[in-house]
Every structure is written in C-alpha cells, then in structure tokens.
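Engineer: Protein chains in written order, with our numbering: chain V, 1 to 113; chain F, 1001 to 1476.
By construction, these hints were calculated from the structure, which means they are not laboratory data.
Glycine is no exception: its CB is placed at the ideal position from the N, C-alpha and C atoms.
Accuracy of the hints is not assured; some may be wrong.
As the list claims (entries may be wrong) - Derived DSBU-like pairs: lysine-lysine, alpha-carbon spacing no greater than 30 Å straight-line:
| # | chain 1 | residue 1 | chain 2 | residue 2 |
| --- | --- | --- | --- | --- |
| 1 | F | Lys1187 | F | Lys1140 |
| 2 | F | Lys1451 | F | Lys1274 |
| 3 | F | Lys1187 | F | Lys1229 |
| 4 | F | Lys1130 | F | Lys1140 |
| 5 | F | Lys1130 | F | Lys1173 |
| 6 | F | Lys1273 | F | Lys1246 |
| 7 | F | Lys1274 | V | Lys97 |
| 8 | F | Lys1229 | F | Lys1189 |
| 9 | F | Lys1246 | F | Lys1229 |
| 10 | F | Lys1077 | V | Lys2 |
| 11 | V | Lys2 | F | Lys1451 |
| 12 | F | Lys1273 | F | Lys1132 |
| 13 | F | Lys1132 | F | Lys1451 |
| 14 | F | Lys1280 | F | Lys1451 |
| 15 | F | Lys1084 | V | Lys2 |
| 16 | F | Lys1130 | F | Lys1011 |
| 17 | F | Lys1154 | F | Lys1187 |
| 18 | F | Lys1451 | F | Lys1154 |
| 19 | F | Lys1280 | F | Lys1244 |
| 20 | F | Lys1011 | V | Lys22 |
| 21 | F | Lys1273 | F | Lys1011 |
| 22 | V | Lys22 | F | Lys1088 |
| 23 | F | Lys1173 | F | Lys1154 |
| 24 | F | Lys1246 | V | Lys22 |
| 25 | F | Lys1173 | F | Lys1140 |
| 26 | V | Lys97 | F | Lys1088 |
| 27 | F | Lys1140 | F | Lys1451 |
| 28 | V | Lys22 | F | Lys1154 |
| 29 | F | Lys1246 | V | Lys2 |
| 30 | F | Lys1011 | F | Lys1077 |
Unchecked claim - Take a look, some chain F residues computed to stay more than 10 Å from chain V by CB distance:
| # | residue |
| --- | --- |
| 31 | Lys1011 |
| 32 | Phe1019 |
| 33 | Cys1069 |
| 34 | Gln1083 |
| 35 | Glu1128 |
| 36 | Asp1144 |
| 37 | Lys1154 |
| 38 | Glu1207 |
| 39 | Pro1292 |
| 40 | Ser1296 |
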Amino acid sequence: MKHLRAVNQKAHRIESNAEALKEDIVALQAPGGAAPKVHVPMGCTIIFSPGWEVDSAGGTAGLCQPVERDIYDCYATCFWPAQVPDHLNNSPDWTSKCASATKDWRNVDIVFP
Amino acid sequence: MTMYSLGEFHKFHGGDQDFLYLVPSGGIVALDGMTSEILEQLDQTPLSREDLVGRLCSDGYSANDVEECINELREVKAIRNGQKEYAKSEPLPEAFPLQTIVLNVTNQCNLSCQYCYEFGEDKVATPEGKPKFMEWETAKSSVDYLFAESQGRKSVHITFFGGETLMNFPLLKHVVTYARTRADELKVKIDFSLTTNATLLTPTIIEYLAENAIGVTVSMDGPKEMQDKFRVFANGRGSYDIIKPKVQNLLANHRTRPIAARVTMTSGAMDVKKIYQHLKHELGFYEVGFAPVTTSPNRLYSINERGMDSVLEQFNELADEYLEFALRGEHHGFSNVSDTLSELHQGVNKSLPCGAGLGMVGVGPSGDIAPCHRFVDSDQHVLGNVTTGIDREKQNDFLTRGNIDTKYDCHECWARPLCAGGCHHEAFVRYGDTGHANLHYCDWIRGWTDKCLQVYGAIAAQNPSFLDHFSERKAS
C-alpha cells in the first residue's frame, strides 16, 4: 500500500492478503478459469521433468516458472531426490486434495514432520 | 451505481500522525494527507467514484493517485459500497483445546474483604455442603483433565487461586510436582502462577515459589489507608502491616518471575497515581494492574459515575507517563496500558470477551468445572466435573450467550474488537445474565481504548522498535 501504512500485525496481514490476491502466480493456473488440462510437466525444461532448477545467480527468484511447479513431480514420481514429503511412508495423502495440479496446486501444503 | 461511504473505524491521532483503528478487523493503519481528505469528503456525504475522484483532482491530486488511494481504502474496508452490515464473527473451531486451568485450591480465606466477589454481598458462589479444601484426588483429576483436554497444545498453564491460595499450600506443592512429571512425559511445556493476599507468605514459601519459577500476583489495594479500608481480617483489623514485610521479602527474594500487584479499586481506593507510586516505587512491584470492584451499583464501596470519570482521568495521566517511558525505550509498570497495547499490536478481534469456558476453566474444591475462577462453586454456572468432563451443551450455551453476535448493543461500537461486551461475571452481577453487554462502562471503555490507541500511535510514530516487546506477548 502506498497511501495507507500498515502499523500493527493485523494490518500487515490484511495488506499481504490483499497483495496476494493482486499478484497471483498466473503461471500455475489454467488461464482464465478454463478447464484444467492433463498435467504436463512445465518446468524450465520439459526434458528434465522437472527437477530443481536454479537461475543464473544460483537462486530461484529468476526462474521463468515458480518452484512450486516442480515440487509436485518430485513427490509424485520421485523423479528428483528433493526435500518433499515422502509418499510411501510418511505422507501418503499429501496430494489427495490435488486432483489436478494446474488447478489445485494450492492444496499441496507445507508438511511439518 | 457505486456509491462510497465511510466504513467502520475509529480515527485517532498519535505522535503527529493520523491513524485508523479498523473495525471489526482490529487493523491499525497510518494515513497520508490524501487519504484523510477522501475520508473527510465521505464524512459529509456518500459519493460516487467519479465524483470523489473529481473533487480530489480539483484539489490538485492526480487522478491515478486518487484511484489507487480509493482502492487501498476499499481493501482495508475503511470505505464501503452499499449498506452497512454487521459482519458476524467466525464460528469457533469445533475442537478448542484447553490451555489454562484455574484451581481454586480452597474457598476459605483468612481475610474478610467486604467487596469480595466470593464472599461479599454480590457473591454468586453457593459453597454450602461442598468441600472447603481441595483434596489431592480432585487436584490430580484436574491435572489429568487439563492434559487430556489440551491435546495439540505445546504449553499449558495452571493458576492456583482461592479463597486464599496459600491456605492450601501443601496441595499446591503436590500439584506442581505431579503436573511437572506429567508434562515431561507428554513433552508439553507447563508453567504455574498464583494469586495471594500475601498474609501467609513465609521465607520457606517464597524460596519454593522462586525455585519453581511460579508467577505471583499479590492482591493489594495500595498504601496503608487504602489497603486497610476493605482488605481486613474478620475482626476488622487491616492487613497492611502484616503483609508489608512479607511483600518486601517476596520482592527481594523471588527474582525468577516478574511479580505483579493487582488492585481492586473501590470508593475507598481511587487515587490511582498514589497507589501506583506506592506499589511500584515504594514497594517495588514489577507491574501494577487496576480493576474497578465488581458490584451492583448501590454498594458502599462501588465507584459512582463521577468517580469513574476521575479514575479515567488518572489512568490517562499515568498512560502519558507510560508513553514518556516507552519513547525512551524504558519499562513502565502500568499493566493496564501494556496489556491493551499488546492486544492492539496484534490486532485482536474478539468474538468472546475472554477465554472463560473455552481455553480456560476454573475448578472448585469439589472438582466442579466453572467457566472461570469467578464462577467457581456456583450451582447455576457449573459446566461439569473434572472426573466426568464438561457438559458440552452447557458450555455451548455459555459461549453462545457471551458471543458478540448476540450482544446487539455492541454492534454499533468501534471498541468491540477489544471489549466484546466485557466480563461475563461482571455482566451476571449487574444484569443477571452472563451474556448481557456491560453497558454501564461503555463510555469508559471507549475513552480508555482511545487513550491507549493514542499511546500506541505515538509509539508507532516515534519509537516503533518498542512495539517489538509486544510481538511475543500472549493475547489474554
């Protein structure tokens, strides 16, 4: 916000909620609310379906797709030995609320071991 | 057509800056000049977006900036489009684990304070035929009940209360040992506190309390003449001379927790500054909290309206002193301010005035569960027993009555995110219904909340890092 300045903790939460609605992560969504397509890996490179990529600076901020996109495949196909919940033993239901990755990716939540 | 008008908020000023206290969210935002002007325009009459932009542009603002500013005000709901509507509070979660249990280890007391809500003329307790002292079996069941009902919480709390708590000190020690062992087994953090009139403190007890880091609140009304007015023994003798050396000993030797004094203000003890000066600076309490006596209005010791105005004036002066300390980054012991600032900083928005009957319950010597310590031993308010559990229907009735949604008088009030209608017990004593809004102190609460907002605003503008103290403080 430019004209109002959040002062207490609640106002900061209100502000970040409002900002989150404005700047949604469009790359993860089916455009314009269209029917979700079959999940196709869409990381920085579709050949490496998909791993953890880093940008030229060694971070993730400059990637053309957000890292959340990748994390699903690290879990579902065990493609990459990344730190995601393990679906064999500890978190078999992690993606149960994520029927379609392009639509429901927000339901893939943080797990506290 | 979109017609904008003012939303619900309370505008206040602190440290040369204008702020809004947003209702009901509890958010606090600082305003720039353009925002203030938009709000002033809408205060006169509702306006369409075009008219609003037009008026501001004619004052020299750019249309883009005004549009942006209107959007921001909409986002925080400081302006609205359409009818004013009361937003219902969110339903409580189905499972609400217990956090605090208040054990009334005895309902006996060695003092006979005339205004006492447990023994005085307005008492709600019906102790006849019930145990006077809590037995070990009951205490053990209470601790077990706390752990069983607090699943999912990382830390729990036991407060010892009375009667006079220290009249059953052996039980207290037993409970501490047992609860600590259980907490270790369950890997839960536990802490303890107690309230006492200080008459029975001994060096051995003080050493025990310090060693076990048990928080202590001393009920004390001020210097001798005020303390001895109502805090007397059964023979009418005042208690000041007995407790003074004991309190000094406590403050000198119990350094593991900050020690607080809790003052009951009556017609005989209304000199806030004098009381504060004595308890904080002459005796050395870490902090001092004040609460007006809970009573029906006609009692000798009740404070009349003019008296409460004078109390507010003195509270305001002491709050100004608090602010001076805060701007220098120093601790000030007026806990009525720090408690309110803590809630303002978090931006609490209460559907219930306190945790009574929800995250906190009181348990009487018989093991009966009450919404809080003030209702202990009252047949009318019993919610269950520690051996058989809480009666969900009764609990639900209590919580539904107390909910802000059913207190229609409160729906127009900007102070409701903090107050939520006020103390259930006070409401019962005044109006015979725990769910009645405490209408007798509305103006007072608004006056005091406004003062605390000004203090908060001034600190936020001039020494914002001081507010970090409140980031970790627990909401009450």
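Engineer: Of the numbered hints stated earlier in the document, which are not met by this structure?
Structural biologist: 3, 7, 8, 12, 13, 16, 18, 24, 27, 28, 29, 32, 33
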